[in-house]
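**Q** Residue numbers (the numbering used here): -10 to 345.
Do not rely on the hints blindly, as some may be mistaken.
Said to hold, decoys possible - In silico lysine-lysine, DSS-like type, Cα no more than 30 Å apart, as pairs:
id : residue 1 : residue 2
1  : K315      : K286
2  : K277      : K103
3  : K267      : K315
4  : K282      : K11
5  : K(-7)     : K185
6  : K103      : K11
7  : K267      : K34
8  : K11       : K286
9  : K90       : K54
10 : K54       : K185
11 : K11       : K267
12 : K54       : K27
13 : K318      : K267
14 : K34       : K(-7)
15 : K267      : K342
16 : K(-7)     : K277
17 : K185      : K34
18 : K90       : K34
19 : K318      : K31
20 : K315      : K342
21 : K11       : K34
22 : K103      : K282
23 : K342      : K34
24 : K318      : K342
25 : K103      : K185
26 : K11       : K27
27 : K27       : K315
28 : K246      : K27
29 : K277      : K318
30 : K277      : K315
31 : K318      : K286
To be verified - Simulated restraints, written as ranges between beta carbons of each label pair:
id : residue 1 : residue 2 : range
32 : R339      : S261      : 13 to 21 Å
33 : T68       : E223      : 22 to 30 Å
34 : T68       : E328      : 16 to 24 Å
35 : R339      : T275      : 42 to 50 Å
36 : K286      : F324      : 29 to 37 Å
37 : V224      : V289      : 30 to 38 Å
None of these hints come from the bench; they were simulated from the model.
We put the beta carbon where it would ideally sit given N, CA and C, even for glycine.
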Amino acid sequence: MMIKIALVVGASGITGSNLAEKLISEGWETYGLARTPKEEIKDLKPVAADLLNPESLELALADIKPSHVFITTWMRNDTEAENIRVNGLMVRNILDALSGKGSVEHVALVTGLKHYLGPFEAYAKEGFLPETPLREEHPRVDLENFYYAQEDEVYAAAARDGFTWSIHRPHTVIGKTVGNAMNMGTTLAVYATICKETGRPFIWPGSAAQWNGLSDVTDARVLAAHLIWASTTEVARNQAFNVVNGDVFRWSRLWNKLAAYFGVEPVGYGTSIQSLEKEMAGDADTWKQIAQKYELKEEVLSRLSTAWHTDLDLGRPIEVMTDMSKSRKMGFTVFQDTEETFYELFDELRAMKLIP
C-alpha cells in the first residue's frame, strides 16, 4: 500500500491543528505548513513558509511530495476585494509550487457558510438571505466572496494537474487552538471566566433570530474526520460538502447551560444586540490579572478571544442550519453532540491551563 503523505496548509489554526493530530493518529506522514509552525503536535513535520511568497514556498517544499493537500487557512483583510486577491493568491501559490512534482492526488479546501450567507461586508443582510437549511446545490450569491476565488483556484489547478478535489463548508468551528482568527468556543469560555471573576452577568451578544431559532456548529474533530473521509473516498471526489455535528440546538437553551457550567448568571436576548466586542473592549488588563492569579499559559486576551467574529456569527438576522444529507448518503456517519462539544472544549482548555 502506498504511504499517504499529507500537507496541512495552515497547520497552526483550529482546523489544521485538529486535522494534523487525526492524520498522524491514523498513520499518515504529515507535514504542517504555517508561517510560524507550532511545535506542540507530536510527529508533525513543520514547514515554515509564507503563502504569499512563491520563492519561500518553492524552497520550503523542495523535498516534500504530498499525495494529499489540505488547505485550511485564510487571511483577513480590510475589504472583500483584498480578501479575494490575497486568499485566492495563497491557494494559487501553494498549488503552483506543488504542480511540477506530480505527486498530488487530492486537494481539500475548507471554506464555510459565508459561501451561502455572503462575505463579511454584506454578511447575512436582508435581500441576500438564503433559504435554510443550507444545501450544497444553492447557487453562489451575487456578491464578491473570497471563498469563490479560493474554489476557482482549486478547480483551475485540478484541471491542469489532474488531481481530485473536495470543498468543505463547516458552520462555526469549535475546537482547541491559540491565536486563531475565528474561535467562538474559546471566546465564550474566556468571556464567561471574566464574568465569573468580576461578578458580571453573562450577556447574550446576538440577535433575536439566533437566540430563538435553530442553529448548528462544527466540532473541529468532526471536520477533521470529514476531510480525511472525502479525500480517501471514491464517491466523494470532486464534490462540495457541508459539514456540521449533525444535531441542532437553540441558543436560548444552550446559553443557560454554558452559564451553568461556569457558574455565571445568564442574560438572554432583550430588545437589541449587545456586542461582545464592546462588552470585552476593556478586558485586556482584567484577563492579564486573571491569567497571573491562576498561572495560566496565555496572558494576552486577543490571542484567545475573537469577539468580533462571535458577534458576526451570533448577530445574524436568520436562524442558520446546515443540511448534511449529501455526506450521509455517501457514507459519512460521524455525529457529535454539540453540548458535549462545548463542555469537552472547556475541560480541555482547563487542562491546558488556558482558563482557570
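**Q** Are the hints correct? Go through all of them and say.
**A** Results of checking the hints against the structure:
1. The suggested pairing of K315 with K286 is violated, with an alpha-carbon distance near 41 Å, which exceeds 30 Å.
2. For the suggested pair K277 and K103, the alpha carbons sit about 33 Å apart, so the restraint of at most 30 Å is broken.
3. Distance check on the hinted pair: K267 and K315 sit about 39 Å apart at the alpha-carbon level, beyond 30 Å; violated.
4. Distance check on the hinted pair: K282 and K11 sit about 34 Å apart at the alpha-carbon level, beyond 30 Å; violated.
5. Straight-line distance between C-alpha atoms of K(-7) and K185 comes to about 47 Å, which puts the hinted pair past the 30 Å bound.
6. Straight-line distance between C-alpha atoms of K103 and K11 comes to about 26 Å, which keeps the hinted pair within the 30 Å bound.
7. The straight-line distance between the Cα atoms of K267 and K34 is roughly 40 Å, outside the 30 Å bound, and the hint therefore fails.
8. Restraint check for K11 and K286: satisfied, since their Cα atoms lie roughly 24 Å apart, inside the 30 Å limit.
9. Of the pairs offered as hints, the one joining K90 and K54 holds, with about 7 Å between alpha carbons and a cut-off of 30 Å not exceeded.
10. The suggested pairing of K54 with K185 is violated, with an alpha-carbon distance near 50 Å, which exceeds 30 Å.
11. Under the criterion of a C-alpha separation no larger than 30 Å, the hint pairing K11 with K267 is inconsistent with the structure, at around 37 Å.
12. A hinted pair counts as satisfied when its Cα atoms are at most 30 Å apart, and K54 with K27 qualifies at roughly 21 Å.
13. The hinted pair formed by K318 and K267 fails the criterion: a straight-line CA distance of about 43 Å is larger than 30 Å.
14. The straight-line distance between the Cα atoms of K34 and K(-7) is roughly 14 Å, inside the 30 Å bound, and the hint therefore holds.
15. Distance check on the hinted pair: K267 and K342 sit about 26 Å apart at the alpha-carbon level, within 30 Å; holds.
16. For the hint pairing K(-7) with K277, the CA-to-CA distance comes to about 43 Å; that exceeds 30 Å, so the pair is violated.
17. At roughly 40 Å between alpha-carbon atoms, K185 and K34 are farther apart than 30 Å, so this suggested pair is violated.
18. Taking the CA atoms of K90 and K34, the gap is near 19 Å; set against the 30 Å cutoff, the hint holds.
19. Note on K318 and K31: the hinted pairing is violated, with a Cα-Cα distance of about 35 Å set against a maximum of 30 Å.
20. Between the alpha carbons of K315 and K342 the distance comes to roughly 39 Å, so the proposed pair goes past 30 Å and is violated.
21. As the CA atoms of K11 and K34 are separated by approximately 14 Å, the hinted pair is consistent with the 30 Å bound.
22. With a C-alpha separation of about 39 Å, the suggested pairing of K103 with K282 is violated against the 30 Å cut-off.
23. With a C-alpha separation of about 25 Å, the suggested pairing of K342 with K34 holds against the 30 Å cut-off.
24. Restraint check: the Cα-Cα separation between K318 and K342 comes to about 41 Å, which exceeds 30 Å; the hinted pair is violated.
25. For a cut-off of 30 Å, the pair hint linking K103 to K185 is broken: about 33 Å separates their Cα positions.
26. Pair hint K11 plus K27 holds up; C-alpha atoms about 16 Å apart against a cutoff of 30 Å.
27. Our distance criterion of 30 Å between C-alpha atoms is broken by K27 and K315, whose separation comes to about 34 Å.
28. Under the criterion of a C-alpha separation no larger than 30 Å, the hint pairing K246 with K27 is inconsistent with the structure, at around 33 Å.
29. A distance of roughly 48 Å separates the Cα atoms of K277 and K318; the hinted pair therefore is violated under the 30 Å criterion.
30. Note on K277 and K315: the hinted pairing is violated, with a Cα-Cα distance of about 45 Å set against a maximum of 30 Å.
31. Of the supplied pair hints, the one linking K318 and K286 is violated, its CA atoms being roughly 43 Å apart against a limit of 30 Å.
32. Take R339 and S261: their Cβ atoms lie about 33 Å apart, and the range 13 to 21 Å is violated.
33. Separated by about 40 Å at the C-beta atoms, T68 and E223 break the suggested range of 22 to 30 Å.
34. A beta carbon spacing of about 37 Å between T68 and E328 contradicts the range 16 to 24 Å that was offered as a hint.
35. In this structure the hint that R339 and T275 lie 42 to 50 Å apart at CB is violated, the actual value being about 19 Å.
36. For K286 and F324, the hinted distance range of 29 to 37 Å is satisfied, since their beta carbons lie about 32 Å from each other.
37. Taking 30 to 38 Å as the suggested C-beta distance range, the pair V224 and V289 does not conform, at roughly 45 Å.
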